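Quick note, the sequences are listed as chains F and P, same order.
Our numbering applies: residue 1066 is where the first sequence begins, and numbers increase by one.
Our numbering applies: residue 736 is where the second sequence begins, and numbers increase by one.
Simulated from the structure, these hints should not be mistaken for lab results.
Just so we're clear, the structure is a prediction, and the values are computed from it rather than from any experiment.
Every residue, glycine too, gets a C-beta built ideally from N, C-alpha and C.
Don't take each hint at face value.
Which residues of chain P face chain F? A partial, calculated answer using Cβ under 10 Å [as the list claims (entries may be wrong)]: (1) 768; (2) 772; (3) 778; (4) 780; (5) 782; (6) 783; (7) 825; (8) 827; (9) 831; (10) 832.
Beyond 12 Å from chain F on every Cβ pair, some chain P residues (computed) [what the hints assert, rightly or not]: (11) 770; (12) 781; (13) 800.
Listed below are the residues making up each chain.
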Amino acid sequence: MRIVHHLAGAAALAALIGAAGVSAEDPVITGKKDLICASQDIMACIDGAVCMQGKPSTFDMPTFMFIDIKTKVIRGVDEDGSTVTSPIKTHEVTEQSAIMQGYENHRGWTLAIDKMAGSFTLSSTGPDVNFMLMGACTQL
Amino acid sequence: MSLKKTLLTYSIAVLTAAPAVFLAMPARADNAGAFIGGVVAARIGSNMRARTQAEQQQAYYAQQQAAQPVQQAAPAQKTTQQKLDELDKLAAGGYITPDEYKAKKQQILNSM
Chain F
1066 MRIVHHLAGA AALAALIGAA GVSAEDPVIT GKKDLICASQ DIMACIDGAV CMQGKPSTFD
1126 MPTFMFIDIK TKVIRGVDED GSTVTSPIKT HEVTEQSAIM QGYENHRGWT LAIDKMAGSF
1186 TLSSTGPDVN FMLMGACTQL
Chain P
736 MSLKKTLLTY SIAVLTAAPA VFLAMPARAD NAGAFIGGVV AARIGSNMRA RTQAEQQQAY
796 YAQQQAAQPV QQAAPAQKTT QQKLDELDKL AAGGYITPDE YKAKKQQILN SM
């Protein structure tokens, strides 16, 4: 848990340094290199009636996700240390964003990353729970 | 200058440590569990259900507690005067005999 906190702090600082180190024209994210993303806020609605907002820790879910562009997979580490993955079905890079989509377990998701700022939103739709993650990514 | 150095150290740390954690995973984890549609969705769903149930329970208990004073508000005890008045009315209406009236009146007076 301490490592995660250190990584979160370090990632934020790295993002700041990275942002300062590149010129205004250079995108932080090219969409062609692997990424590490940290979720900061979550908004979720269940059964179309109740909505809640919180941090990843509020929902006991992993903060970090690693986007492997080459193998087209999003990876995370569960609390027991096991690797969990989501295959990326489509990956498009527009002028402004890197957009990825996928589905699994009767649920679809779309991830859009701002190329200049590195900020992202991920929305996932399923028959019972819909949620949106918001955070920031940095290129590895 | 030292702040810049510290920030640079942190930057190096995250760019070396964090990828190492993830790159240690198998490149193709075909047998791995589902992430977004699995772990994340399940955690969010189960947490929300648990919270919703807890909130509903809390609301139920709050409702029960709010209802309790109403249930406990039993009719106020009648005064001796009221009891005697009622007894008079019963006697006047012929519902009780003079003996019963006397006995009951004595009982009410004794209970003072």
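For the restraint on residue 831 of chain P, tell me whether the closest CB of chain F is nearer than 10 Å. Status violated, d = 62 Å.
Report holds or violated for the interface hint on residue 832 of chain P, using the least CB-CB distance to chain F and a cut-off of 10 Å. 67 Å, violated
Would you settle whether the hint for residue 825 of chain P is holds or violated, based on the nearest Cβ-Cβ distance to chain F being less than 10 Å? 59 Å, violated
Measuring from the C-beta of residue 783 of chain P to each C-beta in chain F, is the shortest one below 10 Å? 5 Å, holds
Residue 772 of chain P as chain F interface residue, shortest Cβ-Cβ below 10 Å: 4 Å, holds
Interface restraint verdict for residue 782 of chain P against chain F (beta-carbon cut-off 10 Å): Status holds, d = 5 Å.
Is the shortest C-beta separation between residue 827 of chain P and chain F less than 10 Å? With Cβ-Cβ at 63 Å, over 10 Å, it is violated.
Since residue 770 of chain P was said not to touch the interface, does its Cβ keep a gap of more than 12 Å from each Cβ of chain F? 4 Å, violated
Would you settle whether the hint for residue 768 of chain P is holds or violated, based on the nearest Cβ-Cβ distance to chain F being less than 10 Å? 5 Å, holds
Just want to verify: residue 781 of chain P was marked as not at the interface with chain F; is every Cβ pair farther apart than 12 Å? 8 Å, violated
With 12 Å as the threshold, tell me whether residue 800 of chain P passes as away from chain F on beta-carbon distances. Fine: 23 Å to the nearest Cβ keeps residue 800 of chain P off the interface.
Given a cut of 10 Å on the nearest C-beta pair, is the interface hint for residue 778 of chain P held or broken against chain F? Hint on residue 778 of chain P: holds, closest Cβ of chain F at ~4 Å, below 10 Å.
Going through the hint list in order, the structure does not satisfy hints 7, 8, 9, 10, 11, 12.
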